[in-house]
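Undergrad: If you want the building blocks of each chain, they are given just below.
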Amino acid sequence: MDLANVLIQLLNSVQYGLLLFMLAAGLTLIFGIMGVVNLAHGAFYMLGAYLAWSLSSLSGSFTVAILGGVALSVVFGLALEWLLFRHFYQRDHLDQVLLTFGLIYIFEEMRSILWGDDVHGVKIPDLLSASIPLTDNLSYPVYRLFMSGVCIALAAGLYFLISKTRLGMKIRAGAFNRDMTEALGVNIKLIHTIVFALGVALASVAGMIASPVSSVYPNMGSQVLIMCFVVVVIGGIGSVRGALISALLVGLVDTFGKVLVPQVAGMLVYMLMAAVLLWKPEGLFKQ
Amino acid sequence: MRASHSHLEVLPRGLQVALALGLVALIAFPFVGSDFYAQMVARMMILAIFAMSLDLLQGVTGLVSLGHAAYFGLAGYALAYFTPAGEAVSLWWTLPAAVAASGLAALIIGFFVVRTSGIYFIMVTMAFAQMVFYLFFDNKALGGSDGVYVNFKPDAGIFDLENKRVFYYFTLAMLVAVYAFLRRVLWSPFGRVLAGIRVNEHRMRAMGYGTFRYKLAAFTLAGALAGLAGYLWGVQSGYVNPELMGFHMSAHAIMMVILGGMGNFAGAIVGAFAFETLLSWFKDLPTVGNFQLGKHWQLWMGLFIVAVVLFAPRGLLGLVERVARRKEREHE
Chain R
1 MDLANVLIQL LNSVQYGLLL FMLAAGLTLI FGIMGVVNLA HGAFYMLGAY LAWSLSSLSG
61 SFTVAILGGV ALSVVFGLAL EWLLFRHFYQ RDHLDQVLLT FGLIYIFEEM RSILWGDDVH
121 GVKIPDLLSA SIPLTDNLSY PVYRLFMSGV CIALAAGLYF LISKTRLGMK IRAGAFNRDM
181 TEALGVNIKL IHTIVFALGV ALASVAGMIA SPVSSVYPNM GSQVLIMCFV VVVIGGIGSV
241 RGALISALLV GLVDTFGKVL VPQVAGMLVY MLMAAVLLWK PEGLFKQ
Chain P
1 MRASHSHLEV LPRGLQVALA LGLVALIAFP FVGSDFYAQM VARMMILAIF AMSLDLLQGV
61 TGLVSLGHAA YFGLAGYALA YFTPAGEAVS LWWTLPAAVA ASGLAALIIG FFVVRTSGIY
121 FIMVTMAFAQ MVFYLFFDNK ALGGSDGVYV NFKPDAGIFD LENKRVFYYF TLAMLVAVYA
181 FLRRVLWSPF GRVLAGIRVN EHRMRAMGYG TFRYKLAAFT LAGALAGLAG YLWGVQSGYV
241 NPELMGFHMS AHAIMMVILG GMGNFAGAIV GAFAFETLLS WFKDLPTVGN FQLGKHWQLW
301 MGLFIVAVVL FAPRGLLGLV ERVARRKERE HE
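Sequences listed follow chains R and P, in order.
Residue numbering for the first sequence is 1 to 287, as defined by UniProt numbering.
Residue numbering for the second sequence is 1 to 332, as defined by UniProt numbering.
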């Protein structure tokens, strides 16, 4: 592999890793703060992609699709939290597994009823459809850089929200000791609702910006969910920083594995996970 | 974690009678029901063995594995690879070999996953099962996404598994044997340690039990028994594909165990029968107007699962238990 090729694969790894981070951050936040294991998290990614496809073909504008998609998925997250998830914060993990497994079925079938079972493509907006030439015959698409940019901006925003704002302080306090925080007059129920909707929005944005590259298809959620689990397991549950580092690591191993050793590429990430578990059974950055 | 699930280890007299009647019904069924339904019941019995093997982990030891289907599927694949293209192969070595293959895989994967607990255990078991799934799904040499045919049913010598009725009774015998074996394990010193781990692992460790070894042994045994079920599945359907090892299959097993009630193996059997009956019932729903209710069975299944978690978290046997307890109180 020459240098330009290495650079392209490196950029691809970072882009894939950042996308995984957007999903894993929501998963690990919802678990770390509310203690809920959410198997249906991949469905929010799928929801984002289908919303992007629907809204962009209706309005003709990618910007409108993204903004409308975020608004709709936040409303969806709020409703779901209010209707179902808030009754499960104090319950057994097994109950949560079952609830969210049931939801996977419901979401998949609703998707089939509303949007059908065909594979769809989303057009890359004209503004972002160019490529940057690296060598005479290799170039890198601007859209993939845009994806990484959005993910970095959102990751920075998430970091700022959690570690620098008053709301973030309450979120951290609530994760540390729910009862004490509530006794101090913080509306913990409201905080949980906000965090849940935030997690749904992150996953949905990931689905939206990924849709022009990965296309929109049934079961796209469950594939990505399993990668998210691997990221969360490697990074250490509840740790957003761990999720970022492990997502980048997984992106790197997966992307270069597919180029260098395609025969075993599918398993490399799991081997990485097994190695980390042998070394640190609780993940790299367990909180 | 709140212990909200039923652990009805000692079966009430009424339930024992019901199980005995169920066994009589299963013995009589091929003479009463049609061939089609007898095959369906045989499939339910196979899934009941699978669900019982998971219950050893989930109900007895308190380890919720979301990747149990991997061991189910592996034994089915083992049978498919053992069977030559043109002739039958002996049951007497392929069955133990397939079960051993699943047990070995469970031992190796268990070595990694058993160190973790709670939610971590759920995620890691699922991730490893996906690794096995993709190993077979992605490799043309292993059958790929299309799977592999088992062209001939194994040759048992003294009885003929090609005969559907013989296969039915062979499966029933396996079901009874696995149930008896697991009940025996439950009340053995080993089973008591596993139950102790479920209640409080720290205390068991403080008492001097090497809980890692006990959990690994339970994981291996559960994997091997899941392999037995997978082998029978391969024999019955004559075909194995990666879906057998997939996430949905693992989640179905969890659902069966919960639906019936955990920790006593009878619940797993009841759950497997109830779940499969429900599934075929949903798939047979009629068309109303332009809307095919049966085609969207996943929606009804999903709504049903959510309703169970919301309203009957202790499963069907949990409901029975609640009624039994109420009666006891009335007697006092």
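Check the hints yourself; a few may be wrong.
[Said to hold, decoys possible] Here are some chain P residues pointing at chain R (derived, C-beta under 7 Å):
#1 A38
#2 Q39
#3 M40
#4 S117
#5 I119
#6 A127
#7 M131
#8 Y134
#9 M204
#10 A206
#11 L293
#12 H296
#13 Q298
#14 P313
#15 R314
#16 L316
[Said to hold, decoys possible] In the DSBU-like style, the derived pairs of lysine-lysine whose C-alpha atoms are separated by at most 35 Å in a straight line are:
#17 R:K123 - P:K140
#18 P:K295 - P:K164
#19 P:K140 - P:K283
#20 R:K258 - P:K283
#21 P:K283 - P:K295
#22 R:K258 - R:K286
#23 R:K164 - R:K286
#24 R:K123 - P:K295
#25 R:K280 - R:K258
Because the hints were derived from the structure by calculation, they are not lab data.
Yeah, the Cβ is synthetic: ideal placement off N, Cα and C, and Gly gets one too.
Undergrad: Hints first: check each against the structure and report whether it holds.
TA: We went through each hint and held it up to the structure:
Look at P:A38: its Cβ only gets to about 29 Å from chain R, farther than 7 Å, so that hint breaks. Below 7 Å, beta-carbon pairs count as interface contacts, and P:Q39 has none with chain R, the closest being about 26 Å; its hint is therefore violated. A hinted interface residue such as P:M40 counts as satisfied when its beta carbon comes closer than 7 Å to some beta carbon of chain R; here the least separation is about 22 Å, so the hint is violated. The interface hint given for P:S117 is violated, since its Cβ lies 9 Å from the closest Cβ of chain R, which is over the 7 Å cut-off.
Given hint, P:I119 at the interface with chain R, holds; its Cβ is 5 Å from that chain's nearest Cβ, closer than 7 Å. The beta carbon of P:A127 comes within 5 Å of a beta carbon in chain R, closer than 7 Å, and the hint placing it at the interface holds. Residue-level restraint check for P:M131 holds (minimum Cβ-Cβ distance to chain R is 4 Å; threshold 7 Å). For P:Y134, the shortest C-beta to C-beta distance to chain R is roughly 4 Å, which falls under 7 Å, so the interface hint holds.
The beta carbon of P:M204 is not positioned within 7 Å of any beta carbon in chain R (closest approach about 18 Å), and the interface hint is therefore violated. Because the beta carbon of P:A206 sits about 20 Å from the nearest beta carbon in chain R, more than 7 Å, this interface hint is broken. Because the beta carbon of P:L293 sits about 11 Å from the nearest beta carbon in chain R, more than 7 Å, this interface hint is broken. The criterion of a C-beta within 7 Å of any C-beta in chain R is met by P:H296, whose closest approach is roughly 5 Å, and the hint holds.
Interface hint at P:Q298: satisfied, since its Cβ lies 4 Å from the closest Cβ of chain R, which is below the 7 Å cut-off. The closest approach between the C-beta of P:P313 and any C-beta of chain R is roughly 6 Å, which is under the 7 Å cut-off, so the hint is satisfied. Checking P:R314 against chain R: minimum C-beta separation of about 11 Å lies over 7 Å; hint violated. Against a cut-off of 7 Å between C-beta atoms, the interface hint on P:L316 is violated, since the closest Cβ of chain R lies about 14 Å away.
With a C-alpha separation of about 33 Å, the suggested pairing of R:K123 with P:K140 holds against the 35 Å cut-off. A distance of roughly 30 Å separates the Cα atoms of P:K295 and P:K164; the hinted pair therefore holds under the 35 Å criterion. The suggested pairing of P:K140 with P:K283 holds, with an alpha-carbon distance near 32 Å, which does not exceed 35 Å. For the suggested pair R:K258 and P:K283, the alpha carbons sit about 40 Å apart, so the restraint of at most 35 Å is broken.
Only pairs whose Cα atoms come within 35 Å are accepted, and P:K283 paired with P:K295 is accepted, the gap being roughly 7 Å. Pair hint R:K258 plus R:K286 holds up; C-alpha atoms about 29 Å apart against a cutoff of 35 Å. At roughly 21 Å between alpha-carbon atoms, R:K164 and R:K286 fall within 35 Å of each other, so this suggested pair holds. Using a Cα cut-off of 35 Å, the hinted pair R:K123 and P:K295 holds, with the two alpha carbons roughly 32 Å apart.
Our distance criterion of 35 Å between C-alpha atoms is met by R:K280 and R:K258, whose separation comes to about 26 Å.
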